[in-house]
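If you read the sequences in order, they're chains A and B. The end of the first sequence is residue 243 by the working numbering, with every number in the run present. The end of the second sequence is residue 1180 by the working numbering, with every number in the run present.
Derived from the structure by calculation, the hints contain no laboratory data. Hints are not guaranteed to be accurate.
Unchecked claim - To be clear about the criterion: a stretch of chain B counts as covered by chain A if any three or more of its residues have a C-beta under 8 Å from a C-beta of chain A, and this derived list gives those stretches:
no.	stretch
1	1011-1022
2	1126-1133
3	1164-1174
Claimed, not checked - Short, incomplete list of chain B residues facing chain A, as computed with Cβ under 7 Å:
no.	residue
4	1002
5	1027
6	1049
7	1052
8	1056
9	1059
10	1067
11	1117
12	1121
13	1122
All figures in this text were calculated on a predicted structure; none of them were measured in a lab. Yeah, the Cβ is synthetic: ideal placement off N, Cα and C, and Gly gets one too.
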Amino acid sequence: MERCEELAELITLLADGALETSDSERAERHLRECAACRAVYEETRAALAALASAPALPEPRPGLARDIADRAYRDAAARRGRASGRTLAFRRFASAALAASLVLAVVSAAYLFRRDSGFPFRSAPSEAVIQAVSDSLSSPTQPEDIVLTALGDFPGEISPVSSLPDTPASSDSQAASALPSEPAFRALDADMDAVDNQMSSMWGDEADDLFFEIISLTEEEAEEIYDLLDDNQGQSALPLGVS
Amino acid sequence: MIDETLLLQRVKAGDRTAFDSLVDRYHREIYFLALRFMKNAEDAEDITQQAFLRAFEKIDSFRGDAAFNTWLYRVTVNLCNTRLRSRKETAELNENTRDERSQDDSPSAGIIKQEAASAASAAVESLPEKQRLAVSLRVFNELSYREIGEIIGCSEQTAKVNFHYGMENLRKKMKQNGTM
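Next up, chain A with everything else stripped away, as it sits in the complex:
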């Protein structure tokens, strides 16, 4: 008889009705021989049945689907309107051509690119920005502080992610190769969405401008950064078709 612990997962999946024939036969054979596992199997089926009989959830209110679609179109129209008066870099950013998670990559790559490749800062970054970037590079913790510190007190709760390199890049290609990996993008996606939403609610349309203010980008420099990001995206398998 096979050991119970080796079959525990199969028995759960058998109760769920999710086993292939060969695994199913193996689990059933064990159940015929083992009373303890039979009890576990029956309990699992009972628990699943209890869950399945949970009261139906209340339906969404009538008209919700219509409101969702209307709002999506209104927001899209507003975004197009806002974008029309902005710089090229800003339009690309605001139109969400880049995922929200790339904001941090833009900030970090731009900073490293500028600092280490000889591009002068258009205006001097504040001490808070320099310190935050420096801290982030020396210890790979909470790189979003680069943004948050620069913007002052940020009321949202952002969980830490470790996605930036812990050594400075010395060229643009190194800056590109140092962009976050897929797992880091996954973590950043949720966190930066929170930042994005919170910033938008606090500062509205000015939120995106502030990002570029912080990193002091001109249009051409922003283009170069975006090119780096675009090149790098071919190597970064972003999750579920989001690029």
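Please arrange chain B on chain A, whose structure you already have, making use of the hints.
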């Protein structure tokens, strides 16, 4: 029913009626998913709205590697987690839900069954996040383990493992509180 791939192509081409159809098709299941997380209709509605807004904004970058509803589920789960984390109210919400459920339960011949169902639902809510998601998405949304893996960011096999441990913990909790 119109093929989903065709519908997505039409949305990308700017066909508003196609997007309306997508919202019609999926808004209930997204709302229910959000409601199971958020425990109140107002938040569930807002999350549903946000999920479709996000999908609409990013529709051009959707390559179809996963099914559209799986993609939408993942967006919804992320939105719910972000909101719950930021509020740090998960524990209080669970308490409120238990209270609301006990008030909603009316005496009937099937009261024992209802109690077991309520206890099982409450026990699911107290599971670690990935186990809770695996059990909830499997039982309530009837998704495959592959789809669950895509939503919670793990392999199909890891989704099965999370489901197994979730069910194991669920059984233990139900036995502890005498509903099994």
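Please write out, lowest number first, the hints stated earlier that are contradicted by the structure.
-> 2, 4, 9, 10, 13
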